[in-house]
Structure formats: C-alpha cells, structure tokens
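*Asks:* Listed below, chain by chain, are the residues.
Number of protein chains: 2
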Amino acid sequence: MTHPLFAKHEDTLNKALAAIATRGYWSPFVEMPSPKVYGETGNADGEAAFKAHTNHTFELDQPSTGETVGAELSPYGFALGTRYPKADVDTLIAAAATAQRSWRAAGPQAWIGVSLEILQRLNRASFEIAYSVMHTTGQAFMMAFQAGAPHAQDRALEAVAYAWNELRRVPADAHWEKPQGKNPPLAMHKRYTIAPRGIGLVLGCCTFPTWNGYPGLFADLATGNAVIVKPHPGAILPLAITVRIARDVLREAGFDPNVVTLLATDPNDGPLVQDLALRPEIKLIDFTGSTQNGTWLERNAHQAHVFTEKAGVNQIVIDSVDDLKAAARNIAFSLALYSGQMCTAPQNIYVPRTGIRTADGQMSFDEVAQALATAVQKLCGDPARAVELLGAIQNDGVAKRIDEARSLGRVLVDSSSLEHPAFSGARVRTPLLLQLDAATDLAKFSGEWFGPISFVIATDSTEQSLELAGSLAAEHGALTLSVYSMDEGIIEAAHEASIRGGVALSINLTGGVFVNQSAAFSDFHGTGANPAANAALTDAAFIANRFRVVQSRIHVAPQAVPAEAGQPA
Amino acid sequence: MTHPLFAKHEDTLNKALAAIATRGYWSPFVEMPSPKVYGETGNADGEAAFKAHTNHTFELDQPSTGETVGAELSPYGFALGTRYPKADVDTLIAAAATAQRSWRAAGPQAWIGVSLEILQRLNRASFEIAYSVMHTTGQAFMMAFQAGAPHAQDRALEAVAYAWNELRRVPADAHWEKPQGKNPPLAMHKRYTIAPRGIGLVLGCCTFPTWNGYPGLFADLATGNAVIVKPHPGAILPLAITVRIARDVLREAGFDPNVVTLLATDPNDGPLVQDLALRPEIKLIDFTGSTQNGTWLERNAHQAHVFTEKAGVNQIVIDSVDDLKAAARNIAFSLALYSGQMCTAPQNIYVPRTGIRTADGQMSFDEVAQALATAVQKLCGDPARAVELLGAIQNDGVAKRIDEARSLGRVLVDSSSLEHPAFSGARVRTPLLLQLDAATDLAKFSGEWFGPISFVIATDSTEQSLELAGSLAAEHGALTLSVYSMDEGIIEAAHEASIRGGVALSINLTGGVFVNQSAAFSDFHGTGANPAANAALTDAAFIANRFRVVQSRIHVAPQAVPAEAGQPA
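Residue numbers (the working numbering), protein chains in the order written: chain E, 269 to 837; chain A, 269 to 837.
Honestly, the hints are just simulated from the structure, not real lab data. Please note that a few of the clues may not be correct.
The list treats identical chains as interchangeable, and a pair is accepted whether it falls inside one copy or across any two copies.
With a cut-off of at most 20 Å between alpha-carbon atoms, the simulated EDC-like pairs for lysine to aspartate or glutamate come out as follows [said to hold, decoys possible]:
1. Lys283 x Asp524
2. Lys668 x Glu764
3. Lys319 x Asp591
4. Lys668 x Asp628
5. Lys446 x Glu687
6. Lys446 x Glu299
7. Lys283 x Asp441
Kindly generate the complete structure, drawing on both the sequences and the hints.
*Replies:* Right, dumping it as structure tokens:
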C-alpha cells in the first residue's frame with residue numbers, strides 16, 4: 269500500500285532523516301553546475317529555456333481571468349517581458365480548497381512522495397531556474413545556480429524530512445485497553461487522522477525566491493495542504509517554473525494540480541496581498557521580506573499560523589585574531605558576496621578602539637579598519653572577476669540606500685559603479701565601508717542597511733562589542749553573529765551573547781566557510797528567538813503547526829482476559 | 269553526567285515515551301483513591317491539610333508586597349478564607365527572569381528530571397489537592413481526586429514526555445565535513461544549545477485548575493522556561509499547593525525557586541492579567557477560559573506564543589442505535605457528570621424528526637427524547653447518589669444561565685436544586701434538557717451554554733445532523749463529537765464530519781467510556797483545528813515553539829583524508 273512515489277524516494281528520505289538527526293554534512297543535490305551531473309547540454313538548454321520565457325506569456329493551466337500580469341526587470345539591465353496569467357483571488361482560493369480535499373485524503377505517504385518527486389524534477393531544471401534567479405535577483409550565475417537550485421532543493425528536502433519526521437510519529441491507529449479489576453477491561457480501537465490546516469500562502473522575496481520560498485511551500489505540501497505561491501512582483505519567474513513543475517507532477521500522480529497555484533502580480537501588490545492574507549481560508553503564511561510587512565502579517569493574520577523572516581542586523585566582533593589578513597579576506601568576501609543583499613550578510617563590525625592582539629603583535633583600530641578596507645578593495649579590484657562575486661543590485665532602492673549611507677561616517681572604502689563585461693546595463697556597485705563609533709553612532713548602526721553597506725565600529729572593549737551584539741540581536745533581530753578571538757573566555761562570552769541575542773554564532777572564520785552561508789541539514793537558518801525571524805529553517809516548530817490530528821474511538825472486544833478469569837492466554 | 273533526578277525517573281519517562289508513540293492505555297498515577305497506594309491515613313491527612321489551609325494565610329517564600337489576597341468560595345457553601353501573599357507584577361517578572369538564567373543553563377536533563385520529581389511529589393499530595401479542587405471547582409470528591417490529581421499528573425507527564433521527545437532530537441553537537449575534491453575538506457565542529465523562550469504565563473481556569481493548568485506549566489518547565497502561575501481567582505488553592513511543591517523541589521535540587529511563582533489575585537483581575545499578558549518578558553501563554561478572553565490574548569499578546577482552550581459546542585448525532593437504553597444511560601451520565609461543567613460535556617443532541625432505527629424497531633423522535641429524559645431523571649433520582657455525580661455549580665453565573673435557558677424550548681427535564689446531605693449550603697442543580705428544532709432554533713444552539721444545559725434537536729435527517737455537527741464545530745468550536753449509528757456508511761460520514769469540524773469523534777458509546785473523558789497518552793484533548801482550542805493536549809505542536817536552538821560553529825581538523833592523498837585510513 270506504499271505510495272509508489274514514496275517508495276521511489278524512500279532511500280533519499282531516510283538519508284535526509286539521518287542528516288537532520290546527526291547534522292553532519294549531507295546533500296543529495298550536486299552544487300557544482302557540472303555537465304557530468306546535469307548533462308552536457310544542461311547549461312545551454314537551461315539558458316535557452318530562460319530566454320524562451322522572455323517576451324513571452326508563461327503557460328500555466330490554472331484558473332485565470334484571461335488577462336496577464338508581470339513587469340520583471342533584470343538587474344542586469346533589461347526587461348524580462350514575461351507575462352503570467354492573471355488569477356482572480358476568489359477563484360484561486362476556491363480552486364485550491366477543492367483540490368485540497370482530495371489531496372488531504374491521499375494521506376502522508378502521497379504528500380511526501382509527490383513532494384520528493386517534484387524536487388527531483390526541479391533538480392533537473394536547475395539551469396533554467398538558475399538563469400531565472402540570476403535575472404530577477406541580480407545574483408551572479410554561480411550563486412544563482414547554487415543557492416537558487418541545489419541549495420534551495422536541499423532546504424526543501426529538509427522541510428519534507430522534518431514533515432515526515434512529525435507525521436510518522438502519529439500512529440494511524442491504536443488499541444487502548446484499560447483494566448477494570450475483576451470486570452472485563454474497557455477496550456477501544458482508535459484512529460488518528462492527519463488533518464492538514466487547509467491552504468497555505470507563500471509570499472516570496474526578490475532576492476532568494478526559491479531558497480526562501482521552498483521551505484514553506486514544501487512544508488505545506490508535505491503535510492497535506494494546498495499552497496498558493498505569491499512571488500514578489502520583481503522575482504516571479506523562478507517560482508512560476510517551480511509551480512508549473514509541481515503541477516505537472518501532481519497531475520501525473522492523479523491529483524488536482526490546483527494543489528499548487530501561482531498568484532503572479534504586478535508591482536505594488538500590497539493591498540491585494542493584505543486582503544488575501546486575511547482570508548479565512550488561508551491557514552498558513554510563509555513570508556520573507558521587510559520587517560514592516562512581516563510584522564503586519566504577525567499582528568493581523570490571526571486566522572493563520574504566520575512564519576516570517578524579516579530584517580536584521582548581522583554583526584562581527586573582532587577581539588583578537590591569529591591571521592588578520594585571512595580574517596579580513598573572509599570578511600570582505602562576506603561583504604561583497606551578492607553585494608551584501610543576503611539576509612545573512614554582516615553589517616556591523618566591532619573593533620576595540622584600543623586595537624587588537626594578532627599573531628604579528630598588537631594592531632591599532634585604524635590598522636584593523638585599513639586591513640578590512642584593503643581586503644574589500646582587492647576583492648573588487650578586477651571588475652570582470654568582481655561581478656561574478658557582486659552580482660547586480662536587485663533594485664534601485666538598494667542603490668539609493670548606498671548613496672544615503674555614504675554620509676553616515678568616515679568612508680573607509682567608497683562604493684562605485686562597475687561596468688559588467690557581459691551586460692552593459694547591469695546595476696553593479698562595490699561595497700561601501702564606513703567607520704562609526706559606538707559612543708556616538710548607535711542610532712546609525714542599530715537598524716538594517718540592506719545592501720552592500722557595512723560599518724567598522726570602534727568600541728570601548730570586546731566586552732562592549734559583545735554587549736552590543738547580544739542586545740542589538742535581541743532587540744532588532746539578527747541571523748548571524750561572527751566572532752574572532754584567540755581567547756577561550758571571549759569565545760565562551762560570545763556564545764553567551766549569541767544565546768542572549770538568539771542568533772547563530774560563527775567563530776574565527778578565516779577559510780572557505782563564510783558567515784553568510786547556511787548549510788541545509790546542519791545549520792539552522794534563523795532561530796525564531798529574535799525579531800529577524802519567528803521560525804527557523806528548519807526545525808520541528810516549523811512543521812508541527814501545519815497539521816492537526818483528529819481522532820475517533822470505538823469499543824472493541826478486549827484482548828486481555830480479566831483478572832478473575834485466570835491466566836492470560 | 270546524567271542529572272540525578274533524570275536518572276531517578278528515566279524509567280517512567282521511557283514508558284511515557286512508549287505510550288505517546290503507541291497510544292495504548294498507560295498511566296503511572298493510580299486513579300483510585302486507594303489506601304494501599306496513597307497510605308492508610310492518606311485521605312484523612314489530605315482532608316486535614318485542606319482544612320488547615322482554610323481561614324489561614326498560605327505560606328509561600330516568594331517576593332511579596334507583604335499584603336495578602338484571595339476570596340475563594342466553596343461551591344459547597346462556605347468561604348475558604350485562605351489568603352495568599354500578594355505579588356507585585358514587576359518584582360515577580362524580575363525574579364522569574366533572574367531565576368530563568370541559571371535554570372536555562374542547567375540544560376534539558378535537569379529540566380526534565382526536576383519536572384518529573386515535582387510530579388512524584390504532587391502525586392503524594394493527591395488527597396490534599398483533591399479536597400482543594402473539590403472546594404474550589406465544585407467537583408464531587410471522586411472526580412476532584414481523579415481529574416484533579418492522578419489524571420492531571422498524567423497530562424503533565426505527557427507534556428514532559430513530549431518535551432523530552434523534542435529536546436532529545438536536537439544533538440548537542442555535530443562534526444560537519446564537506447568534501448572539496450582534491451583539496452582538504454572543510455570541517456567544522458557545531459554546538460546546538462537549547463534556548464528556552466524565557467518566561468511562561470499559565471492562566472488557570474476555575475473548573476479544572478490542575479488538569480488544564482498542568483500541561484502548559486510542565487511543558488514550559490521541561491523546556492527550560494520560568495513560569496508564573498496565575499490561577500483563576502475562584503480556584504487558587506490547588507495551584508498554590510502545586511507551586512509550593514514545585515518550589516520545594518527546585519530549591520532542594522539547587523535551583524532558584526523563583527523558576528515557578530504564583531500570582532494569586534482577588535476577583536475581577538482582568539486589567540491586571542491584560543497588562544501582564546502584554547509584557548515583553550512573557551514569551552509563552554497557556555490559557556483556559558472564555559472565548560472572549562482567549563481571543564483577546566490571541567489577538568493582542570503578539571510578543572508571546574499563545575495556547576488557548578476556549579468555549580465550544582459539543583454535539584451528539586443519533587442516527588440509529590442497537591440498545592437505546594444503554595445509549596441514553598451513557599449520554600445522561602455525560603450530561604450529569606460535574607453538572608455539564610466540563611469542556612467536553614455534550615450540549616446538542618441531534619435526532620431525526622422521523623425517528624431512528626433500533627434493535628427493538630423504529631422509535632419516534634419523541635420516544636428517543638423521552639428515553640434521554642428518563643435516563644437523566646433516573647440518574648438524579650436519589651439526591652445522595654446524584655450529588656456524587658453532579659458535584660456543585662462552580663459559580664452563580666452558571667446557576668443563572670440555567671434559569672435563562674429554561675425558556676429556550678420545550679422542557680424535557682427541568683433543572684432542580686438538590687440538598688447536599690453533607691454540605692447544607694451547596695449549590696447543586698440537576699441537568700436541564702430542552703427540545704429544539706434545527707429548522708428554527710439554530711441561533712439558540714449554535715453557541716455554548718456552559719453548565720448542565722443540553723438540547724435534543726429535531727433534524728430533517730442524519731445527513732443534516734452531521735452537516736450541523738461539522739459546520740458548528742468548524743465555526744464555533746468543539747472538543748467532542750459523538751455518533752450513534754448501526755450503519756458503517758454513517759459512521760464513515762461522521763468521521764468525515766469530524767475532520768471537517770476538526771473535532772475528536774466517539775462512536776457508539778454505551779458502556780463505561782464517556783464522551784467527556786479524555787485519556788492522557790492516548791486521546792488528544794482538543795485538536796487546534798477548530799475555534800475551541802488552538803492547540804491539542806498534547807502533541808509536538810504544543811511543545812515545539814517553547815524553545816529555540818542557537819548554534820555555533822568553528823573550524824576543526826578534517827577527519828577524512830582528501831581524495832588525492834590516497835585511501836582513507
């Protein structure tokens with residue numbers, strides 16, 4: 269009676285379950301865009317598939333008004349021209365509700381099996397998705413491929429594994445038998461049915477539409493809910509491709525494809541989203557975006573369980589460091605990667621004004637600041653190589669923010685525009701690095717400056733740095749905290765600060781791991797313990813409220829023999 | 269390094285874990301008030317301990333203003349005269365926050381071990397707690413003992429088991445090692461620290477202060493949170509005793525006893541509770557009570573994760589029945605038990621106006637209504653026996669509601685006052701049973717009439733009965749649904765209705781199990797899938813949001829040998 273798609277992917281599922289339990293390195297989806305894995309023509313085919321979407325109407329056989337929407341602009345300097353079928357919200361909700369009824373009845377193995385099959389198909393479309401991610405988010409190709417495809421698929425699989433881990437712990441039925449002394453026992457047969465919540469709404473973001481959108485989408489799907497995917501109007505295509513693949517798999521498996529639908533919108537869709545988010549049929553909302561919108565959902569969408577990832581202030585505490593150059597290289601990479609447009613990118617770098625200890629002796633604050641500045645400049649010195657790291661600026665708001673930030677403090681490295689060798693209209697900016705002082709500038713650095721904007725902040729001591737790191741994370745939110753120290757006591761104090769701030773800590777990163785990176789199956793992305801996110805990707809809390817258990821009980825014949833009737837058989 | 273209290277109770281914990289996984293019958297706390305289990309003088313000692321609390325100030329060594337509060341009235345007709353130390357909210361929160369810091373650092377095994385030790389001590393105090401429950405809630409002694417002591421302890425243990433089941437799945441650390449082709453792998457050591465949310469607030473009710481209060485209290489405690497227990501002003505004593513025992517155990521185990529504190533209040537404490545519930549330090553709220561107050565918390569206490577159990581409309585669908593007398597006896601018992609003041613007590617009994625099929629042939633609607641009326645009358649015919657089932661009416665509001673309800677429809681059985689043989693001032697009322705019609709009276713029976721008030725409702729068909737049952741549960745909430753049918757198809761349809769309504773279903777109860785009863789470790793109490801409760805007692809969703817995981821990572825030497833360096837060792 270095992271669902272065939274469950275059986276097909278059971279081995280992968282079991283490996284994923286082992287991985288989330290032990291949290292060592294594991295990934296089933298190859299992160300290198302290798303022809304050996306993805307086919308000799310994979311790259312070319314994917315790019316062609318992306319190009320075929322431009323200046324074209326995206327085919328999607330879901331309920332539509334007949335009109336089309338869509339106004340995506342590539343940060344590399346051209347309009348996508350992709351149009352999407354416009355959906356009427358009422359019709360879409362009705363279709364999702366209808367589809368959910370039979371989907372619900374299919375049960376956990378079908379939900380898991382279909383989810384895993386969708387993931388396998390998405391993996392095959394990795395190049396197509398990568399180019400779509402690149403030309404909506406502005407990520408450079410390699411990041412668009414890795415974060416947009418295999419890493420996003422990993423995060424999705426992780427959510428499916430957590431879902432199964434929860435679902436499998438609810439038995440389908442039980443025999444309950446309560447002794448009654450000399451009287452026959454009371455005996456009942458009980459059935460436990462998983463009751464999904466209904467319809468989930470996934471609200472995508474414009475920087476990581478798949479990586480941030482997949483966990484909620486697959487967590488909903490794997491627990492029997494229907495899902496309406498509402499991409500950010502600036503990054504529709506990667507999720508549209510995803511929805512189409514999901515619908516193909518659902519249809520082939522004999523389900524109503526409206527279990528997964530797309531709600532594509534034109535820019536400035538706020539009022540539409542607010543109306544939708546308050547609809548009584550919407551029971552789950554997964555949101556990635558601004559603090560303002562996320563907080564609005566948390567405070568108003570009472571009918572739904574709301575999962576949010578919002579803004580935060582990521583911080584680095586430099587106390588002492590063995591190899592300052594290596595540390596500066598690592599930090600500069602984190603600042604430059606996708607132009608600081610990662611929710612995990614550091615912003616505040618605290619350095620004691622009295623300087624720090626290194627293997628090469630004491631370094632002054634200015635020397636440390638200069639080392640960081642030099643590392644950033646080196647990384648961006650060769651425009652052709654730099655653009656492969658920086659990518660492009662997703663929208664004009666980020667570019668304007670760089671200009672606003674410039675006057676906040678002393679400029680250590682100024683941001684400049686770069687020409688992209690392949691895309692003449694690309695919006696490319698190098699990182700802006702400023703110097704601030706904890707004594708006077710708290711108001712400047714206690715909020716998020718999203719984009720390639722960061723601050724080297726003079727503090728009275730590492731103690732003050734850690735105090736700031738913990739309290740800012742707790743008050744304003746943070747997804748990452750990084751510490752550099754050669755002192756075990758300071759590392760332990762940083763650990764305490766990270767718990768106070770509810771933020772993940774990285775210690776002495778000087779090599780090939782960067783604070784921005786979060787590995788599925790091992791790193792919890794976000795904690796839910798500070799305002800940057802009310803949930804982690806992924807843990808039991810991310811899953812457990814997406815379904816309920818409804819039970820029934822009926823008397824049956826006892827299995828045990830009552831005490832007075834002699835020995836049990 | 270196992271905490272001694274964890275080791276002491278590990279066997280019980282493992283049995284509880286097995287029970288929640290298989291959901292068969294299991295209980296470690298003996299439900300019969302037997303001298304063999306609870307001691308020859310257990311009953312007398314417990315009653316004496318209760319009496320010693322009356323007209324006395326309850327000693328509690330927690331921060332206090334020096335004043336006292338408390339105005340509990342026994343539904344059996346006397347003022348308790350127990351006074352409790354008054355606590356200042358600011359001082360209490362500060363003390364809880366301080367205590368929580370070291371409690372947090374003690375880690376999961378200490379949280380679980382201490383929680384289980386508290387439960388063992390509570391079990392020893394079962395008689396004292398039973399008399400306190402009896403004289404605050406109005407429950408008859410046997411129910412006060414069972415539901416107030418061992419069954420409440422079972423529910424608490426269940427919450428502790430679920431907590432450990434979640435906590436143990438987060439490894440304390442991991443070795444993460446990512447291959448890098450011919451280069452040495454990236455290797456990191458990761459630590460995962462459980463970060464409790466902070467301070468939990470338990471808001472007790474006046475009918476089942478321990479049974480409904482313990483799950484939240486112990487779920488919080490077992491996941492490392494401090495807890496402020498705010499009993500209903502009408503039922504303080506059972507939770508005051510509980511808090512004192514918890515503090516004793518905490519102190520003996522070397523912890524700050526302010527991990528658990530009591531906030532006793534005088535009646536009409538609404539504004540105080542609202543202020544407290546919005547305090548930023550309060551991260552978890554467990555509430556049992558009115559829909560109005562529960563909904564207010566859900567909509568306003570945004571800083572906390574709020575768990576509520578509110579009002580509901582419990583229903584019985586009678587389609588056909590083998591032995592009508594047995595069914596009527598079972599239903600009448602459910603109506604009379606604690607005078608319908610159980611959140612699980614049935615209110616609406618749907619019977620087709622065309623009558624039903626029984627083993628003795630067709631019965632008309634009136635015959636079914638009369639059978640139910642007769643069964644209620646028989647059960648309450650002998651006042652001395654009846655009061656042991658009915659108990660007393662908790663407060664005047666319930667008594668007044670009976671009077672209001674009387675005019676809603678045709679009276680099948682009128683409610684009357686009974687003299688209690690042992691307590692001359694006891695507020696005892698027999699159940700009121702009215703006849704209504706689904707065609708005209710929906711507005712009358714679609715809300716909760718809390719107390720011994722129920723309706724036999726004529727419907728067009730069982731189909732309509734099930735439609736009403738599902739939709740009322742979904743819209744107005746319900747904790748129980750019961751169906752009587754000899755037809756497999758109808759039972760399956762009832763199962764579908766129960767899933768639509770998100771409500772637990774009992775089928776053909778004619779023997780020693782009653783729809784009001786919910787067995788720990790086997791029955792999920794509430795589902796979280798309809799407005800009667802936003803969570804179940806107890807499942808993973810009841811636990812998973814009470815803590816977060818904060819991780820750290822640091823580079824370590826790889827364990828594997830890179831590919832080019834030859835074979836792995």
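*Asks:* Could you work out which of the previously given hints the structure breaks and list their numbers from low to high?
*Replies:* Hints 1, 2, 3, 4 and 5 contradicted; others consistent.
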